[in-house]
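In case you want the letters, here they are:
Protein chains: 4
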Amino acid sequence: MEINGTWIEDEFAEAFSMKFSRFLVTAYDQYWLDHALAKLTGYGCSAIGCDAEIDVETQIPSERSPDGRVGASVLAFSFTTDTLGTAILNRIGQTILTCPTTAVFDGLPDSETRIPIGKSLRYFGDGFQKSKMVGDIRYWRIPVMDGEFVVEESFGVEKGVAGGNFLIQTRDQLTGLQAAQSAVEAIKLLPDVVTPFPGGVVRSGSKVGSRYPGLVASTYDAFCPTLVGRTTSKIAERANCVYEIVLDGTSFDSVANALKLAINAACEHDVIAISAGNYGGKLGKHHFKLHEILTTHST
Amino acid sequence: MEINGTWIEDEFAEAFSMKFSRFLVTAYDQYWLDHALAKLTGYGCSAIGCDAEIDVETQIPSERSPDGRVGASVLAFSFTTDTLGTAILNRIGQTILTCPTTAVFDGLPDSETRIPIGKSLRYFGDGFQKSKMVGDIRYWRIPVMDGEFVVEESFGVEKGVAGGNFLIQTRDQLTGLQAAQSAVEAIKLLPDVVTPFPGGVVRSGSKVGSRYPGLVASTYDAFCPTLVGRTTSKIAERANCVYEIVLDGTSFDSVANALKLAINAACEHDVIAISAGNYGGKLGKHHFKLHEILTTHST
Amino acid sequence: MEINGTWIEDEFAEAFSMKFSRFLVTAYDQYWLDHALAKLTGYGCSAIGCDAEIDVETQIPSERSPDGRVGASVLAFSFTTDTLGTAILNRIGQTILTCPTTAVFDGLPDSETRIPIGKSLRYFGDGFQKSKMVGDIRYWRIPVMDGEFVVEESFGVEKGVAGGNFLIQTRDQLTGLQAAQSAVEAIKLLPDVVTPFPGGVVRSGSKVGSRYPGLVASTYDAFCPTLVGRTTSKIAERANCVYEIVLDGTSFDSVANALKLAINAACEHDVIAISAGNYGGKLGKHHFKLHEILTTHST
Amino acid sequence: MEINGTWIEDEFAEAFSMKFSRFLVTAYDQYWLDHALAKLTGYGCSAIGCDAEIDVETQIPSERSPDGRVGASVLAFSFTTDTLGTAILNRIGQTILTCPTTAVFDGLPDSETRIPIGKSLRYFGDGFQKSKMVGDIRYWRIPVMDGEFVVEESFGVEKGVAGGNFLIQTRDQLTGLQAAQSAVEAIKLLPDVVTPFPGGVVRSGSKVGSRYPGLVASTYDAFCPTLVGRTTSKIAERANCVYEIVLDGTSFDSVANALKLAINAACEHDVIAISAGNYGGKLGKHHFKLHEILTTHST
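Protein chains in written order, with my numbering: chain W, 1 to 299; chain C, 1 to 299; chain Y, 1 to 299; chain B, 1 to 299.
No lab work stands behind these hints, which were simulated from the structure alone.
Just to be clear, a hint being listed does not mean it is correct.
Each pair may be met inside one copy or between any two copies, as identical chains are not told apart.
Claimed, not checked - Straight-line C-alpha distance at most 20 Å; calculated SDA-like pairs for lysine to any residue: (1) 119 <-> 49; (2) 207 <-> 48; (3) 234 <-> 66; (4) 188 <-> 261; (5) 289 <-> 1; (6) 132 <-> 227; (7) 130 <-> 229; (8) 207 <-> 46; (9) 130 <-> 212; (10) 130 <-> 233; (11) 130 <-> 215; (12) 234 <-> 127; (13) 234 <-> 148; (14) 119 <-> 68; (15) 207 <-> 148; (16) 188 <-> 173.
Since the structure is predicted, the reported quantities are computational estimates derived from the model, not experimental observations.
Produce the entire structure from the sequences given, and follow the hints as far as they go.
Printed below as a string of structure tokens:
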């Protein structure tokens, strides 16, 4: 199958079920919001090497914000509800509780599974904290040096899909960079998905296993352009650069839709082939067949 | 003592010895460099709650960069050489190895204590990695999907000073925000120091201990404006907002100098008082006496 | 015709021939480059009300830059070679000559029509300027307070196409903003086109003429959602917000290609209809028929 | 006189009376506000070569904004009320009227001298515009494609001070850049002043007159490091780089205060000498004597 001259391989992306939370951070102005978000979402790329996969979902203008200030919605993914709760609690404690003027609100009020956030952070108040019910929701007001830190009692948890991906193969690096950037920007405004790697892109694709005992993963030599001839290569003919886009989303459909959008945007550049990463289909529950999502999935 | 109408309390900031490394990240252009740095330095505020305290030290233009591309120097602090090595290795593996086009270079070539970085990351190459000596320095070239990731064998480690700090007390929050922002921006271009908290500022100052057993720290109620009257307050008269600036540096002098600069910048705003955080002097080895550094320390 | 559920009207965008130049600005680092470009390209939206239509075409990393420093390519459009020359000369004199560390290079070396830039600016050197030939190209080195300002003798001029456009109609403003932003970002990396309006978008579409004598243009009431019922409306049913994307390009094909890309990106959102702005076809030489460019134009 | 090891020459900056307006721009979110401001304030460096000197004064968070959305305050300077009115009217017409979601408010409600803005722009509404009185203030609601553009009837005009300046002399360019950047950032949050040149800095200082007839200004050869020995130099010994900071403000005191702050920030770097630009004192009404403002002026 071809899109705009780009060969789409008959492959599927293999993705995993993970737990996720959505929460909203607000601040006095964009300056402090941006600083809070940068520290909150850093070093949260892959749940293999980080405590969570976390990134900004969407910006929220003052008129749509829970407290009338500028804000942003954040999505965080982890393997279990417990590890997710620990990661979010610690990250908020280190990067939001500390940041001037911020407040934090749950973004999944209807979820039954809950992780305690304000409920745990309140102890930082050393007995001076106060709770306040607004409707059904409990907020904690924790005294801090610039007033009070407002944080909701608990955040909802749902089951999402992590590791949706595809591979962009181009003749040279510059084209690859542009295609990858366009792909990620095409879904930047989309709710329900995030791209937690740097700029949304991975250039160090990995395979399961290694020749070194004890290493569970190593470079995906089949997609390394400098190894063509030294290993069994899967790189398309004439391609010399491969980038992987990795997506996490709140549902199979949100990831499928984002993959479709991102692939289409990449293919506006001079891309030789689009492929996808999988492990034979045995590890991940969700299979995104490229041909299927590109033809039948409505956006 | 007074500076520009601001009362400077006769206090000292209590800071700690920590180990640090300096390393340089370069990339194809500022777009990818910025994305790499954001993910690299996030969630690295306090060594109590994060694996390291890490932030960008200075930007490096192409003409001063080790490989002729745009770059930045990064400082990372941790309690021991071992924890520092683990933190840097994992962060580079997750956020730089993965990021399109980046390379990483040691920034402390003369240090005898070394942490293995390229030496450890090379195994990701699954036997396809190559080393290259340039002068005395060993580089590793690890095959990745956009070519090769170049990373130096090891990074130097030195002893630095973490937790230099001061407190800004103002009548209202807006003045406090402006004074804090000015303080941090006044040292943004300064080498040898970083400010790893969001925007360089902490609004949730903490004291040692808590009324809740098992909590080692809790809100610094003496500096919470909403608790005046409910606890023994140390807030200056008429002050209603307190922000703490926290600095890590490569030496006592670099921190002292930065504190002086930052305090002077804060005092250009309508600041009521400057104080500093300490634990009675028994925990931290380094004491920055405000009156001393403001009068005798040359910049 | 429909794209992804969006109705594409059988309309054409009417665009105009204009003269354009391309030139490259470089600087010591991204900080100064960004400041130079912001001042250079501001207040350059429409040649009707500004001296030129001007914007950044692409960023140039150090390894592709004429002097090994970070740079950017700029496109500027005006009605005649003379007005273009005046606009560029004055803009460079005010915003690049003044800006620390910058240099400027011609981006159309093969063009026969030339506007004098270094040739005119050199007189600022008050006799201390020097010229230097490198190959066929003359550079001027004008002494300034941070060293020398290097600027090429002349810039090439070519005939381009200005005013390529389309209209995005959505149910509400938020969807319209997202569709417009996505449309513009989809062509941000594209060479040969620029979008000189704020964020690339116009919300104040205009018609020729006015009920007030002497006004040559007035609000395009047929596309104002608040005027439905008070005027003959052309707004699609259920639409309540209309945004216009405006493009200038180096050729008919570059504009057609960009329009296609941008429309496709807009249509990934919940857009009701895409239309285009024209004046009956008598004013502008270039007609971009939506159905034609969307179906037959290759990217 | 010396500050922190920097020699402060016994010179004065010669500045001019100009008319200025202050107005507020608001938008749906920071994204569109930033785009509007970039286009609004570009190409507005010196009233000699541009229609106005214009820049952002301060950011305004939603809670302090006239319509509850994010905003910014802008200061614009020109020689006469007429030229100022023309410049602001045309700039708003080109860059704010056109920009999605924006609105504009007067920032000098008490001024008696008024320039018509909404009063003139309303005709764009082609008879469909409506006015609305809120208290004493008339607003115009002009139908546009995304709803209505709200703009105040008129803006106040006051007498301000333009061209406050000082010169930073350093051993090398990098130190000069850092000192200049620090100087400008030290006053970024300050109300009542703006720095309309790129990054607030001029590197092409000029003297009155030229050896070429008809040129009213030319390079300030006395401060060009490459001309030492070829002209009568005023550069400090050992200095090889000179940058000029240029400020406009709403009053003599606001400029004097900002100069003091900025000079102090510059002197935190390794600056050899601070001087100031003047024309012998006969052209400009306002003289800022460096020694005086640095010692006696309170901030």
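Structure-based check of each hint:
no., hint, verdict
1, 119 <-> 49, "between (28 Å within a copy, 18 Å between copies)"
2, 207 <-> 48, "within (13 Å within a copy, 34 Å between copies)"
3, 234 <-> 66, "neither (49 Å within a copy, 33 Å between copies)"
4, 188 <-> 261, "both (11 Å within a copy, 17 Å between copies)"
5, 289 <-> 1, "within (12 Å within a copy, 28 Å between copies)"
6, 132 <-> 227, "between (61 Å within a copy, 17 Å between copies)"
7, 130 <-> 229, "between (66 Å within a copy, 16 Å between copies)"
8, 207 <-> 46, "within (15 Å within a copy, 34 Å between copies)"
9, 130 <-> 212, "between (54 Å within a copy, 15 Å between copies)"
10, 130 <-> 233, "between (61 Å within a copy, 19 Å between copies)"
11, 130 <-> 215, "between (49 Å within a copy, 18 Å between copies)"
12, 234 <-> 127, "between (61 Å within a copy, 18 Å between copies)"
13, 234 <-> 148, "between (56 Å within a copy, 17 Å between copies)"
14, 119 <-> 68, "neither (24 Å within a copy, 31 Å between copies)"
15, 207 <-> 148, "between (48 Å within a copy, 17 Å between copies)"
16, 188 <-> 173, "between (22 Å within a copy, 18 Å between copies)"
When the structure is compared with the earlier hints, violations turn up for hints 3 and 14 and for no others.
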